[in-house]
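*Asks:* Construct the entire structure; sequences and hints are all you get.
As a plain string of letters, each chain reads:
Protein chains: 2
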Amino acid sequence: MTVLQTEKPLLRVLAGESVRPLPFWLMRQAGRYLPEYRAVRKQTKDFLSLCLTPDLATEVTLQPIRRYHPDAAILFADILLIPFGMGQKLAFVEGEGPVLEPIRRSEDLGKLDVSRVDEVLAPVMQTVRNLRRELPADVALIGFAGAPWTVATYMVEGGSSRNFEHTKAWAYGDENGFRQLMEKLVDSTSHYLLAQIEAGAEVIQLFDTWAGALPEFAFRRFCIEPTRRIVSRVRARYPHVPIMGFPRGAGMMLADYISETGVDGVSLDPFVPAHWAAEWLQPTCILQGNLDPMMLVTGGQAMQAEIERILGALGGSRYIFNLGHGILPQTPPEHVAELAEIVRSWRG
Amino acid sequence: MTVLQTEKPLLRVLAGESVRPLPFWLMRQAGRYLPEYRAVRKQTKDFLSLCLTPDLATEVTLQPIRRYHPDAAILFADILLIPFGMGQKLAFVEGEGPVLEPIRRSEDLGKLDVSRVDEVLAPVMQTVRNLRRELPADVALIGFAGAPWTVATYMVEGGSSRNFEHTKAWAYGDENGFRQLMEKLVDSTSHYLLAQIEAGAEVIQLFDTWAGALPEFAFRRFCIEPTRRIVSRVRARYPHVPIMGFPRGAGMMLADYISETGVDGVSLDPFVPAHWAAEWLQPTCILQGNLDPMMLVTGGQAMQAEIERILGALGGSRYIFNLGHGILPQTPPEHVAELAEIVRSWRG
Chain A
50 MTVLQTEKPL
60 LRVLAGESVR
70 PLPFWLMRQA
80 GRYLPEYRAV
90 RKQTKDFLSL
100 CLTPDLATEV
110 TLQPIRRYHP
120 DAAILFADIL
130 LIPFGMGQKL
140 AFVEGEGPVL
150 EPIRRSEDLG
160 KLDVSRVDEV
170 LAPVMQTVRN
180 LRRELPADVA
190 LIGFAGAPWT
200 VATYMVEGGS
210 SRNFEHTKAW
220 AYGDENGFRQ
230 LMEKLVDSTS
240 HYLLAQIEAG
250 AEVIQLFDTW
260 AGALPEFAFR
270 RFCIEPTRRI
280 VSRVRARYPH
290 VPIMGFPRGA
300 GMMLADYISE
310 TGVDGVSLDP
320 FVPAHWAAEW
330 LQPTCILQGN
340 LDPMMLVTGG
350 QAMQAEIERI
360 LGALGGSRYI
370 FNLGHGILPQ
380 TPPEHVAELA
390 EIVRSWRG
Chain B
50 MTVLQTEKPL
60 LRVLAGESVR
70 PLPFWLMRQA
80 GRYLPEYRAV
90 RKQTKDFLSL
100 CLTPDLATEV
110 TLQPIRRYHP
120 DAAILFADIL
130 LIPFGMGQKL
140 AFVEGEGPVL
150 EPIRRSEDLG
160 KLDVSRVDEV
170 LAPVMQTVRN
180 LRRELPADVA
190 LIGFAGAPWT
200 VATYMVEGGS
210 SRNFEHTKAW
220 AYGDENGFRQ
230 LMEKLVDSTS
240 HYLLAQIEAG
250 AEVIQLFDTW
260 AGALPEFAFR
270 RFCIEPTRRI
280 VSRVRARYPH
290 VPIMGFPRGA
300 GMMLADYISE
310 TGVDGVSLDP
320 FVPAHWAAEW
330 LQPTCILQGN
340 LDPMMLVTGG
350 QAMQAEIERI
360 LGALGGSRYI
370 FNLGHGILPQ
380 TPPEHVAELA
390 EIVRSWRG
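Quick mapping for you: the protein sequence lines, in order, are chains A and B.
Just add 49 to wherever you are in the first sequence, counting from 1, and you've got our numbering.
Just add 49 to wherever you are in the second sequence, counting from 1, and you've got our numbering.
Just so you know, not all the hints are guaranteed correct.
Just so you have them, the derived chain A footprint on chain B, three or more residues with Cβ under 8 Å [to be verified]:
(1) 149-163
(2) 208-216
(3) 219-233
(4) 294-301
(5) 344-353
In short, the hints are calculated from the structure, not lab data.
Treat the numbers as computed from the prediction; the structure is a model and nothing was measured.
All C-beta atoms in this analysis are idealised placements derived from N, C-alpha and C, irrespective of residue type, glycine included.
*Replies:* If you want it as structure tokens, here you go:
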């Protein structure tokens, strides 16, 4: 553990050390903004095949590492692999996003089989093993999964959604039934994350992209509570693997999220004021993120000023630079190089 | 003023009195969930004609008053009447929402003529005058406009948007140019709101639906600052007309929004924890809202429990019951009647 900590700046920050230059990585750093990613993507049947073909998933994970040498690689996969692994029909339709055969009532839960996940998602573990072998010695490997609430929204709506109306109708109107779905997600997700760690993931991140759509009582029940249970199961087996949460849009609920789920740290979306997070969150946890991905599209002086503002507020210690959400497809790759340079040269 | 205050419960709360039963109204209470609204809408050429035909706009504003007798009517209009009034091409396309000829560069700002607004939006003032004549004596009349940032997103994107990429590209990359657009919006919006008050609006609400898409520095520049200027212009002429703000998604920035814009109160979206708002905001301002509109779709015990939770946290004084966003089209009208009954019978 000590050896790893000295070799990988990101793991050293997660262990509480103050590190310069400050480590960074970027959400969706392997993605459509890179021509080499689009080239690989073009050769694959569909997005799902890309996730489940270890050589290709390994290759696209490594692409941004070669270009920018960030301090972490994040496994190339998708949060919807869990419902797919449990047997829900899933397709990624070009220009439309994911399409699932929706599950909206307790009676449909029998279609989901947690015991299939291991076998269906075995290729993901091969990707993790490949990456541990191929990554530079100073680059940490982050595994991840979607948090139950966010994954449930796709499972229930049958895809992306604006108001989450079917999911909320179920969660608000038949809470016991909905809890059974959450239960299956807690089980399969815990299991999946443990397998990622066994295969070599050194940090875990839980993405709860739609946490911000929940009013407080529901945020406690459907975001905090299932996350808490996943964290406690993973930690029981691997107490030293850091777990980061990303309850996007959680706002002032972040403090409760951190203390009640037990995560080691959180990613900050662009809407959390950095100085607020520095005052109220950073004393007890690791922070990550905060830059508006549109800033990376714009680039130039505005980007530089905003990066420096964020670093000034959060960069002291317990901080990993990142965006507040995934890189947008229209991002010019040279802006990412500029960002890396600004963060690396900052010594505040 | 004293007479009005004793007659209209909503104005009494805004004047700081504790009132029972607690007043309520609902955002988008005149809308597609009502069959009588759909009947009127079917007879009109398009949504814009409905907004600009005083007899019809008056009729649809009054429909929910007849059904539920809430404590306020909100003028039936649209936040995009301001760009339309300045000469930007606007159409509401069935099933698609608003479509505007986008304005994305300083050079295009010449197309916008603030001096046209008065004449083009004269029908709106006729609607306000009609409503003051026809509303029951205990129902307050709320006028409104979109806040500059939110209106700008539609003007620049050319319609609805997910990432506001053109708007942010302009705001981040050419701030001086973008400020000229905001300037025109501050001018035309202030003027339009003053005209509504002259015609009879008793309360003003500023909707900043997409405020939550802004990181802190941009929230200060493009949400707080233009709102502050509108508030100060309106207040200079009509110091006794309450002004409510709705910076949706503002989260922990709400306190700064209130103190720096000078609004008398704010609407709370569903994601603001009620007890937080009670502790940090209510001592200095009037609050409104907070119920997830999906709760009104679900109805039943879950809705009742959530309404009572919100009333328990906020209902003491300085509070007007409302949703945290507009009524959804799929809302059963009978659920609105249940909500009205729960709020009216609450005596906590």
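*Asks:* Are the hints correct? Go through all of them and say.
*Replies:* Cross-check of the supplied hints:
no.: 1; hint: 149-163; verdict: violated (count 0)
no.: 2; hint: 208-216; verdict: holds (count 3)
no.: 3; hint: 219-233; verdict: holds (count 3)
no.: 4; hint: 294-301; verdict: holds (count 3)
no.: 5; hint: 344-353; verdict: holds (count 6)
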